[in-house]
Amino acid sequence: MAHLVETMAYAGEVPWHGLGVPVSNDLTPVQMMEKAGVDWRVQEVEAFIEYNGNRKSTGQKALVRETDGKILTTVGENWNPVQNEDAFDFFAEYVNAGDMEMHTAGSLKDGQLVWALAKVKDSFEIFGGDRVDSYLLFSNPHIYGKSIDIRFTPIRVVCNNTLTFALDSKADRQVKVGHRTMFDASVVKEQLGIATNKMAKYQEIASFLGSKRFNQDTYIDYINEVFPRSSDKRIRKGMDQIEMLSRNAKMAYDVLHTQPGAEYAEGSWWQAFNSITYITDHVQGRNQENRLANSWFGYNQTRKRDALQTAIKYAEAA
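Residue numbering for the sequence shown follows the working numbering, beginning at 1023 and increasing consecutively.
Treat the hints with care, as some may be off.
Taking lysine to any residue pairs in the SDA-like style, the calculated list, with each CA pair at most 20 Å apart, reads [claimed, not checked]: (1) K1234 with L1278; (2) K1220 with D1144; (3) K1220 with K1326; (4) K1272 with Q1238; (5) K1131 with I1170; (6) K1131 with P1103; (7) K1335 with N1237; (8) K1234 with Y1275; (9) K1326 with P1103; (10) K1220 with N1182; (11) K1234 with K1335; (12) K1272 with N1246; (13) K1220 with D1152; (14) K1083 with Y1073; (15) K1234 with E1338; (16) K1092 with N1076; (17) K1272 with D1239; (18) K1234 with E1247; (19) K1092 with D1061.
Just so you know, these hints were derived from the structure itself, not from any lab.
As the structure is a computational prediction, the values presented were derived from the model and not from experiment.
Based on the provided sequences and hints, a complete structural model is requested.
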């Protein structure tokens, strides 16, 4: 089976997923791109069908990586590829101004998804030592149907639990740039001020969750809602509520009091919520590569955001 993580580099301490090669924390975006092994370009090549010596155009183009000729995807006539260098240059003025520093970058799925994570000079600390740092996650997909995506990503330092939030102020929208228009970084940069507001809002939510207590029954209800029991799980007479939990809910229950950072706001909905983010980032999945891909770009990013909203609902009722 091919590795999900093709190449990767990280600055500072070994990241929570344990993947990549170490680099210094003072790299420019272009230098980070080079160290992460994504300093390659793509080109569009006409796609055709050849049969019995006859060649016919398909009306599509293959998006090909220039370094090795790998076909990343097929696209239509109006597709506008975004080169990795242009994507990384998005960070340049912020890094030069000292507002951000490049943290990690890499390639997933054999080059189909190139991404960079930059640390924003913004953080908060709650409950006497529980610090959350702010990051910006930029993904440049070389896949038909996928758009450039920029997300605000808070990371809880004590356990490296992550979340991703759309930057757009409307909850049901994301900052995305499709490939049918030319990439214009200035348009996206207009949204970046929202990241600061998002961080302040997340601090408010975390403080609120930390002020509300759960009990055994409400926590069981919570993890059952986040990880519902499958319809084919056999329920036997005399089973208690713990035995009836789904496999994932049982994992969350087991780490509730042992997860890193459990001592902060112990017994609160902040602790309850972080039991979900901890297992999705560090326990679920076949390996660290799968956990990284799913936590930032797969189904687990949605699950964690849903778990946050569900925790808020229970905290409001507490």
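Against the structure shown, which of the earlier numbered hints fail to hold, in ascending order?
9 and 16
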